[in-house]
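Trainee: In the order they appear, the protein sequences are chains P and H. Counting in the numbering used here, the first sequence tops out at residue 637, every number present. Counting in the numbering used here, the second sequence tops out at residue 637, every number present.
One thing to keep in mind: the hints can contain errors.
The list makes no distinction among identical chains, and a pair is therefore deemed to hold if it is satisfied within one copy or across any two copies.
The list that follows gives simulated cross-link-like pairs (lysine to aspartate or glutamate, DMTMM-like), each with its CA atoms no further than 20 Å apart [to be verified]: (1) Lys485 x Glu92; (2) Lys462 x Asp448; (3) Lys308 x Glu570; (4) Lys538 x Glu588; (5) Lys412 x Asp116; (6) Lys308 x Asp530; (7) Lys308 x Glu291; (8) Lys308 x Glu518; (9) Lys485 x Asp31; (10) Lys485 x Asp546; (11) Lys403 x Asp421; (12) Lys462 x Asp31; (13) Lys308 x Asp418; (14) Lys538 x Asp418; (15) Lys538 x Glu291; (16) Lys412 x Asp110.
FYI, nobody ran anything at the bench for these hints, they're computed from the structure.
Protein chains: 2
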Amino acid sequence: MQFHHHGYVSGEPRVQDAAGTGIDRPADLPDEMDVLIVGSGPAGMLLAAQMSQFPDVTTRIIERRDGRLVLGQADGIQPRSVETFQAFGFAERIVAEAYNIAYMNFWGPDPENPGDIVRTARTEDYGLKISEFPHLIVNQARVLDYFAEAAAHGPARVAPDYGVEFVGLTVHDEGDHPVEVRVRHTAGERAGEERTVRAKYVVGCDGARSGVRAAIGRQHVGGISAHAWGVMDVLVNTDFPDWRIKCAITSRAGSILHIPREGGYLSRMYIDLGAVAADDDHRVRQTPIEEIIRRANDILHPYSIDVKEVAWHSVYEVGHRVTDGFDDVSEGTGRDPRVFLTGDACHTHSAKAGQGMNVSMQDGFNLGWKLGHVLTGLSPSSLLSTYSAERMPVAQQLIDFDKEWSALMARKPEEITDAQDLATYYLATAEFPSGFMTQYGPSTIVADAAHQSLAPGFPLGKRFTSVEVTRVCDGNAVHLGHHAKADGRWRIYAFADGPAAGDDSALAAWAQWLTSAESPVVRFTPAGADADAVFDVKAIYQQRFDDVDISLVPAAFLPRTGPLGLTDWEKVYAAAPSTWARADIFAERELSRDGVVVVVRPDQYVAAVLPLTATQELADFFAGSLIDQRAMAEPDR
Amino acid sequence: MQFHHHGYVSGEPRVQDAAGTGIDRPADLPDEMDVLIVGSGPAGMLLAAQMSQFPDVTTRIIERRDGRLVLGQADGIQPRSVETFQAFGFAERIVAEAYNIAYMNFWGPDPENPGDIVRTARTEDYGLKISEFPHLIVNQARVLDYFAEAAAHGPARVAPDYGVEFVGLTVHDEGDHPVEVRVRHTAGERAGEERTVRAKYVVGCDGARSGVRAAIGRQHVGGISAHAWGVMDVLVNTDFPDWRIKCAITSRAGSILHIPREGGYLSRMYIDLGAVAADDDHRVRQTPIEEIIRRANDILHPYSIDVKEVAWHSVYEVGHRVTDGFDDVSEGTGRDPRVFLTGDACHTHSAKAGQGMNVSMQDGFNLGWKLGHVLTGLSPSSLLSTYSAERMPVAQQLIDFDKEWSALMARKPEEITDAQDLATYYLATAEFPSGFMTQYGPSTIVADAAHQSLAPGFPLGKRFTSVEVTRVCDGNAVHLGHHAKADGRWRIYAFADGPAAGDDSALAAWAQWLTSAESPVVRFTPAGADADAVFDVKAIYQQRFDDVDISLVPAAFLPRTGPLGLTDWEKVYAAAPSTWARADIFAERELSRDGVVVVVRPDQYVAAVLPLTATQELADFFAGSLIDQRAMAEPDR
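Construct all of the structure, not just a fragment, from the sequences and the given hints.
Mentor: The structure is reproduced here in structure tokens:
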């Protein structure tokens, strides 16, 4: 964690200094704003936290409820989400309070006594096998609390406007703030009052019954299956021995997905309520909690639960829908989008694969930095078209996975030929539910794969997979990827060729070029900004850390920044194993020993893999999504 | 982290429900209180956090300053202190923001050019080699912030009374609150106002010039050496390559102890100001910062620092003093103590060994639970005599270590025959500066070593060294010791003999006895309290976690507690390695395979090691420091 950079900080270093729109931010929703986020769920709150890193942008987030979420909703957290929490600064805290999934067990009918259930398989959870981050269960309310804190502590000091609901919007062709939005106060003295505000961009994070989706005329395509589930968060005493282990239970009386929750006592149960008649007309949603508990006890037989407290319960029918576009632009209109959809507003599915909150957050992470870059003049507004293009295929993948998983979960015992097959499926598909299978295709922000062979372990379009390296300045073992905070900056990792610091090398030549007029750092960083304001450039040497003489490292990797012009010591790393760092990132990620440049987007996805000599290609790549700031500063040239 | 135990908790689980004196706690210092802590430094604030776990006790803490500490003072944090932070719930957060010491380097005169310094040795820091916790540097102000948070979030809601100073005290022979204390307001509208309040116990945490020490007539024995040091927290640019590594630097121009600080930019330097003349009369303390910086540059030659900001600086002369008793009772008076001294109030020394804050915190940790147990009627007041008896020898050890280290640091280059000897000393003595060498002698709260051979890895009187085990209920690898929070409870770890759960075994017999009338749990737990209110009893089986059938584990290890009578699943562990937990605690700590009971005090020190069959000895041990609660409840028997 870096701080004291602008002078000594005595208090909580996680609270950044307020800046720009964060200074004297009005308590009331203003008449005009740059970004209006509708809804404070996982996508909306992540987006708020991300936009808080852009203090030149006015961001507001409205929420119909009159305060924070208290109960219920999602609770499954993939490793990819924990990785994202790390970038927002709260991973270690949420891990400490969450339930960590170590195993998943499977239960089925006892062959000798089919009215009873027996444990049929134990599987180790995939989380820690494919990531340094665990697979967690924690209530969505706490995830939102942490993002709210990150948003409030960012320089733009973004905080939700609770008690304000979305009514409708109109996108005008002209004007600086072309989106006209009608909102209504739902709480307090002004309850019922309607207002019209104007925004440059609106993001619908307003859930499955999204008003924003309706307002832009998008269609939510798909249907509801004829299967209903009850869900409850309960405190119980029980003789069921796996109360604190995630379980899929299939018995003659139906199925349960059992999810232990944070805190050591609570669990969530998804209880099969069976097929829903065609003429049910959602009456199944009125199923009383007593009936859900009775079903649970039937399924668990010979075990039972004695429910001491029901914290929350609900009934839902499984739907699978994807919206026909994630922004307000129909293909071929040539206009750049002004309105976006995220999360349940554009993809809905069953809760049981534990994916919804995770995919929604990545929607927000994908969109946030793009809005920030466009609104601060770093990037053209065409960048915003990549949001729908990148996230729609992910939503479709999610629906496909969930359909398959839901169908497997809903099978009757007689349909199950192999007791291990749910377990087998669970492990075989680990990359998807971990959140690591997303791969964005080539675009202005993902380069082609011409040089992928220089770094097979950093697949283009997939998220950057961190490895421990040694920080040269202090010899600490640190995860290279964890230095990349969700601050909206591009990362350029320059993996060195063989020569030591100070000797002639491809890295030294590259670093020299980085200070030239052709350098993207020079071209795309605004005049007067810190050298690392847009690009955070790091060098990783192949040597042991104590064989790297930091005095001889090129100045490009030791920039002097901030009001005091202080040297940033934390951009120089060493790959060779030492006492505290055991891995070698060159070996782990199969990096070329001739060196390689790996470019990573602000949302942590690998954007380009290039040789150290391919300086022109690197400059060209960035020119595809960034605006030359010298042209901006000197219009007469 | 366990919560939801009293019903569903929606918000921050680290905030416990207010109880007892924490409900409607008065904002003003009351006329009477149980415990008055004087001074909000490390010992005082730890004590406040500890006492906040005893909501039946009224605890107040006064501080002369009108708000939190902002700058300066101690910054070295031993692994033992991080372990303590873990027990208070904030280790992961402070580790994330602190400087982690990975190496310590040594610099001396260049043999070929003695006016210049060169690096003479690199040593790996000991922290992670002897503990799962690192060795940190972080400003005392932040340590105090975290303890303040723990105190505020505990059920007693303890918060400092800022702007109130200690004036004097008188210990009366009689009365329920025999200590009469005179205090004065130092800030706000009431500045200058004096009051008299009364307390059952007073703890002087008021630093080297302790007024409490003076009031009880204790002598601070020792002297000031004829050597002065300047200390400064600075933001600089420099060509000194080890700016971010802890260094001991010895040059012809003097010595520097260089300590990188949290945040990546700041460092602290202790700069040798040389011998002080006998008639100096503390004039050296007026040395201006410019002179200190000039000396630093002289010592660093050929390197130099360009100071951009001085966050804090001071000058001090090295003193070594220990007070002649840590409470107000002279030997042989037969009275139990009413006033205690902690931290700098009873031991002062140089700052450079990085020990002071750490030893002070352990003073507070040693005293807190004892006050809590006496004031809640669990223990007789004679327990309080053990505080001075246990902590005075530790203070003397500290002074001895510091004298040796200070002398080594202050040597002139020509006195150094082996360039490596500072490094050698640093590593050879690692156990002391890590905080792990403290060993309390036999007493009512440390049993004799008759059965030590059953658990050589848990030396009696030393702090319990944790090992990873597997939690049976969910298969998670967890540190056994980390479940022991600073909640004032005794821990009893029952390491099982060989048979599996459900089979006849010494463990099963012991568990059965634990529910009998002879059991300390039955005798010393107040009527109506939860079964684990005083003793937190855990079982550790030798098997793999999935070979322990939790349905067959004795009920003593699965107590039902709290208002809902919920099963606590987190008291049953397994030792055999599994995918996630690699160690076997029986092997790591050389535990008898016939089973062994290890008793650990509320401050984490090993109190007893006994065979599972020695039930009478176990009961007798606790009878030495706990009061039979059945006698309390039924006075007519």
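Trainee: Each hint: holds or not?
Mentor: Structure-based check of each hint:
For the identical chains of this complex, Lys485 and Glu92 are neighbours both inside a copy (14 Å) and across copies (18 Å), given an alpha-carbon limit of 20 Å. Taking CA atoms no more than 20 Å apart as the test, Lys462 paired with Asp448 passes inside one copy only; the shortest distance there is 13 Å, against 61 Å between copies. For the identical chains of this complex, Lys308 and Glu570 are inter-copy neighbours only, at 19 Å across copies versus 52 Å inside a copy, given an alpha-carbon limit of 20 Å. For the identical chains of this complex, Lys538 and Glu588 are intra-copy neighbours only, at 18 Å inside a copy versus 41 Å across copies, given an alpha-carbon limit of 20 Å.
Taking the closest pair of Cα atoms, Lys412 and Asp116 come within 20 Å of each other only inside a single copy of the chain (14 Å); across copies the shortest separation is 81 Å, beyond that limit. In the homo-oligomer, the alpha carbons of Lys308 and Asp530 lie at most 20 Å apart only across protomers (17 Å), although the nearest pairing inside one protomer, at 58 Å, exceeds that limit. Taking the closest pair of Cα atoms, Lys308 and Glu291 come within 20 Å of each other only inside a single copy of the chain (16 Å); across copies the shortest separation is 70 Å, beyond that limit. Taking identical chains as interchangeable, the C-alpha atoms of Lys308 and Glu518 are never at most 20 Å apart, the minima being 68 Å within one chain and 32 Å between chains.
In the homo-oligomer, the alpha carbons of Lys485 and Asp31 never lie at most 20 Å apart, since the shortest distance is 32 Å inside one protomer and 51 Å across protomers. Taking CA atoms no more than 20 Å apart as the test, Lys485 paired with Asp546 passes in neither setting, with 26 Å inside one copy and 39 Å between copies. In the homo-oligomer, the alpha carbons of Lys403 and Asp421 lie at most 20 Å apart inside one protomer (16 Å), although the nearest pairing across protomers, at 68 Å, exceeds that limit. In this assembly of identical chains, Lys462 and Asp31 lie within 20 Å of each other by CA distance neither inside one copy nor across copies; the values are 39 Å within and 65 Å between.
For the identical chains of this complex, Lys308 and Asp418 are neighbours neither inside a copy (36 Å) nor across copies (70 Å), given an alpha-carbon limit of 20 Å. With identical chains, the CA atoms of Lys538 and Asp418 are never at most 20 Å apart, being 51 Å at best within one copy and 39 Å at best between copies. Taking the shortest Cα distances, Lys538 and Glu291 never come within 20 Å of each other, neither inside one copy (59 Å) nor across copies (37 Å). Taking the closest pair of Cα atoms, Lys412 and Asp110 come within 20 Å of each other only inside a single copy of the chain (14 Å); across copies the shortest separation is 80 Å, beyond that limit.
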